[in-house]
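*Asks:* Since the structure of chain A is already known, use the hints to place chain B on it.
First to last, the protein sequences are chains A and B. Counting in my numbering, the first sequence tops out at residue 710, every number present. Counting in my numbering, the second sequence tops out at residue 710, every number present.
These are computed hints drawn from the structure, not numbers from a lab. Do not take every clue at face value.
Since the list gives no way to pick one copy over another, a pair counts as held whenever it fits inside one copy or between any two copies.
Claimed, not checked - Within a straight-line C-alpha distance of at most 20 Å, the following computed SDA-like cross-link-like pairs (lysine to any residue) qualify: (1) K598 - M210; (2) K598 - G330; (3) K530 - E51; (4) K618 - Y325; (5) K626 - N469; (6) K318 - F286.
If you're wondering where the values come from, they're calculated on a predicted model, not measured in any experiment.
2 protein chains.
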Amino acid sequence: MKKSIIALLTLPLLLSSYGGMWEPYQMPSLKKELRDAGFYKNVESISNPFEYPMNAIVSLGYCSAAFISPEGLIATNYHCVERDFIQPNSSLENDLFEKGFLARSKAEELQAAPGQKIYVTLESKDITNEILQGTSDETESLERFKIIENNSKAIIRECETSDEIECRVRSFYSGETYKLEKVLQLRDVRLVYAPPAHVGEYGGEIDNWMYPRHTGDFALVRAYVGKDGTSKVYADDNIPFTSDSYLKISAKGVEEDDFVMILGYPGRTNRLLTFNQREYDLSEGFQNYVDFLESRINLIETHTNDEDGSSLVYRGTKSGAENYYKKISGQIQGAKNFNVLENERNNWRGFMQYVEKNATAQEKAYLNELLAIIDKDIATTESNRYFGGSTLIQFANYLLRNAEQRNKPDLERKSGYQDRDQEAIQNQIKYLNNAFNIRVDKELFLANIKKYRTFDADLRRPIYSQALNLDSDENTMLLKIDEIYSTNYSTPEKMLELYEMSFEEMMNLEDPLIDFLKVVYEENLSYEEKGEKSAARKQLLKSKFIKLLRNYYDSIDKQIYADANSTLRVTFGNVLGISLQDAVYYHPFTSLEGIVKKNTGEEPFNISKKLENLINSKDYGAYESKKLGSVPVNFLSDLDITNGNSGSATINKNFELVGLAFDGMLETIISDYSFVPQARTISVDSRYLLWTLDKVENAENILEEITIVN
Amino acid sequence: MKKSIIALLTLPLLLSSYGGMWEPYQMPSLKKELRDAGFYKNVESISNPFEYPMNAIVSLGYCSAAFISPEGLIATNYHCVERDFIQPNSSLENDLFEKGFLARSKAEELQAAPGQKIYVTLESKDITNEILQGTSDETESLERFKIIENNSKAIIRECETSDEIECRVRSFYSGETYKLEKVLQLRDVRLVYAPPAHVGEYGGEIDNWMYPRHTGDFALVRAYVGKDGTSKVYADDNIPFTSDSYLKISAKGVEEDDFVMILGYPGRTNRLLTFNQREYDLSEGFQNYVDFLESRINLIETHTNDEDGSSLVYRGTKSGAENYYKKISGQIQGAKNFNVLENERNNWRGFMQYVEKNATAQEKAYLNELLAIIDKDIATTESNRYFGGSTLIQFANYLLRNAEQRNKPDLERKSGYQDRDQEAIQNQIKYLNNAFNIRVDKELFLANIKKYRTFDADLRRPIYSQALNLDSDENTMLLKIDEIYSTNYSTPEKMLELYEMSFEEMMNLEDPLIDFLKVVYEENLSYEEKGEKSAARKQLLKSKFIKLLRNYYDSIDKQIYADANSTLRVTFGNVLGISLQDAVYYHPFTSLEGIVKKNTGEEPFNISKKLENLINSKDYGAYESKKLGSVPVNFLSDLDITNGNSGSATINKNFELVGLAFDGMLETIISDYSFVPQARTISVDSRYLLWTLDKVENAENILEEITIVN
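Here chain A stands alone, though its shape is the one from the complex:
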């Protein structure tokens, strides 16, 4: 990784083939592409996020969704409502996962877990100048960091005029652009319909990221407000939110090659990286990360058991690690299959040739500095991976820092430690009740630290290393860790006590855990500051880099789009099958009959006898695709989505809902990192949703409320 800049200059960048998670304002400039894909309406009609159909699109925070009636009825994925809508309303006697749930009137709708919200974006504006006000390219980095942070805090404070409203500063293009998003929080959300799990998550983990797919990954919720129409938390007399804009639902659906687009809130992508980062990731980084995850999974398996309940407590952590393991492994495989490294090398080479010819000396210097900083980051990536890893130490340190910050007036505190953040901090501690066991935590930390001490001293934190006896023999180190873990503050209850203490009270405690934190406190602060300096410098350097990149894109007649950042995006294209393996073709539609074919009677392929009989009776109603000769269940399109897009409306050229996007394919999941045109999005078909509501559930109340287009 210690490549000279010269070597890099002869090489490298990015954005290979399109993909595109476009901001709505970009649509007019994509007229040709939209026409090519089969969209003939005025492109202005999809360029304003605050007009129909864009303003029918909402967010659950972690998922996307869409209004589908004027009374606040919302369609999203089943997997988006499992944890916070179905779980809290289920019991052994009344297991909604098994039975599913349908409210046959609004009165029957079920309250979600506290804190569940629907977010409706009200405004979005460019605030780059405001955020950077007071900085220049010459501002010292730490100073720059503080100015940006303070500007940001002030803007948010000014924007959040009531507790209905949440405001967010979003960075686009690594801080080249900042936007302020003003969002209405609807705080009373209720479950209206969820199919049983044998439909909603049919195929389970086995089919996750897989096609052919047969998952009925749909659910309906409804947003409520106070009688005065303002956002309120749950109350009996709340009334349905009036949704000015909502999507009609197509019973005709789409066919192969039809135009489709997806509107939603994709979370995060990494498509605008420099090539040195790519080269590290693809030749070492991903594999190292997968190895790390694998060892974590094994450790959890080894050190948890059913007897003391620890296996349940770490189930979420483990399945999260397994999910990532599957995903990153898929990315490694995909990178190989699609020659991602070579393609990115060629892209970067093209960019650098452009830079050589067109950039000023100053711009070149900035770019070289950026590459050098990233090389430095890469050099410590591995040791940083194994630094820490103790939830106990991490939380205690977090609370100490929080106590210190709370000594200051609210506006002077760092982001994340302000009054608006305090409830979330307490919730994080409470959450540990279901995700933390001190014995297991110690084992996980031990495994990390044993690895950490094998790194060269200059890749480690010196005081931390000394405090933990990392350069002594292993026993001496273990004794120290035993000592720290003998703390009084080893449970969420005790941590809540810490939370209540002032900084001074904490610093006066006599406890081996707190004693350790005192030793490393200054070092932690200095590394925090280092991080802030580096972040501010990178923000500047990346802005310069993005400007060059924009120009380069202009020069080759391509358009650039920002990495996903949980803001509203549009992706468009066509319903399309794919061949990813020699002699194997995936047709874009799966059918009801495929559900029966996969049925084994055992989870996750265990449909009810009733559903099996209904499918076998071939009573397709108005929801049959004549071409397919059945009701389509899931379909493929060449659209560009990522995590956070789950539940996004897939709409046709008339803006009718034809599906809900819910997954990608493992073979092309590398697209999150570097788009490949073979990438496919899996949506659950509106016809399967309607057929289910009609034939399986006889949900007349819903079918009457929504607008079905035949």
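*Replies:* Relative to chain A, chain B alone:
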């Protein structure tokens, strides 16, 4: 299984949709079907097994093959030459599996293992009357058995006029018809060409029975004869056999939907069973067998190790069991997927309705008796599975029986114990050197016998059970088995000593193994006789059954064909893809590029750099399919093959070789048992063979010798 005949009468049989492993003489009656499939030549041209192209088809005994030059050059599968052509010519220093082998002149061709033969069928005639001469429907069953056996021995003796000639009595339709096959044995066969294993068995066990497939499963051998033109064993001055008939090889190949047929020697199918057998197999029998295999595999894994070499010795046994395990498991799955039991039930019902109306009282009685006998067989299937299982006891008993038989004149001995069989018996003993370990054998036997003793006494052999103390406590039984296994005759060498002894010498031996055999000797004979009686009775009853079935088939305008029995058969149809899973379509051709795509660098997906470069260079030569845009590697057709068909010529409507059949698909392997129209045969494409000989091997000598059609 104890169904009353009445219940069965309201039910059941067989032959659902066609398939068809036809005897050549049947082709004229299939004119319409042939025309429908795209064959427009005179159908008489493919009805005589002793005319071109049929007489170009030969057998290796366990595989099929075809002459492809006038000088005895033969094409077959790679996997058909591994054990007896490549293995004996390989060493650590000269590993032909790794390097492959090409003789650039006849002088370089390599001798196969001793005993390897090419069989050329010279005559085939119906001898049913001769075989049954001296019997009537009223002949007592044991008498009937003896008459048939004696007739058969006499016919063979008369037919085998020289050691060039082997004659076989083949039973068709369970003994409704007998045919005499006169075969020329070519006893000097040499390896001409085999690709390296990374081509010839690319994909290995993982891809076995799978598609998409990319296996270069082809090899070339040559038959030699003495200078006088007669069959001789290997000698330096032997000369190539003159093959009057041989197939030209197509460089144009076939495309989707083209007519193809396969000529070869399929080994065994089970498509003419009664429904009570089907019902048992599909509801219990297959699963029991799979469970048995699984326990065998586990036992071998547990009780063998590398230290004493036993894991190597049992490798073949184990991989055989694994192969069967995979196959039968696939059949169980396929039976479920294709509703085989229900389909067979309906077929049988149709047949029984016909029987009710049209059969005589005598015919019905015969049928009922057949069903009852099969019910009885079924009742003892499970206990019989666990009877025996000791290779030690089995061989010693075999040798005792052989010694007893050798006391008689040759013609009076039972089949299998005649002079013509003695060499094979000795070879079987010698083979134990590579497949037998007394410690492991005892463990396998113990596992069997522990299960066997759990069956009701009336399902077991009484004297055998008593001699092994099966009804005593386990320790007493184990002591007995220990005793038997303490025999002096526990090695192949010692068994060869037994082989040399007369019956009287053996009976006078004092040895725990022989002592045990003496105790059960009479019981064994009585069960042998029981078996013979039952076989003869079933031969009669099945002949009657088949006659009814023929009439039934006539009445519904279907043609019947005999189960595979290692005689020459023709199957015809089209090059065709298949969809076996919702939304997944298998294209009928795989391509060179697919080889590279599967390549991981690790066995069994480890092509050479040279091959990879050649493929990537896209130098397709004259072997490209324009439609595919590449050289086809393997292709699918809807033809009907089974074990023994490996290496069969796949030919086009002009009788040119377009491929070599080598596998079926696991998903439809149930076809061996009950044909399903979704069944597909995988052939390696002639264009891949030619491309390999040309571009990879530069095998000019071969390319000049064969006739390539462009």
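*Asks:* State for each hint whether it applies.
*Replies:* Each hint, compared with the structure:
{"no.": "1", "hint": "K598 - M210", "in the structure": "both (13 Å within a copy, 19 Å between copies)"}
{"no.": "2", "hint": "K598 - G330", "in the structure": "between (23 Å within a copy, 15 Å between copies)"}
{"no.": "3", "hint": "K530 - E51", "in the structure": "neither (44 Å within a copy, 88 Å between copies)"}
{"no.": "4", "hint": "K618 - Y325", "in the structure": "neither (40 Å within a copy, 36 Å between copies)"}
{"no.": "5", "hint": "K626 - N469", "in the structure": "neither (72 Å within a copy, 69 Å between copies)"}
{"no.": "6", "hint": "K318 - F286", "in the structure": "within (19 Å within a copy, 39 Å between copies)"}
Consistency with the previously given hints fails for numbers 3, 4, 5, ordered from lowest to highest.
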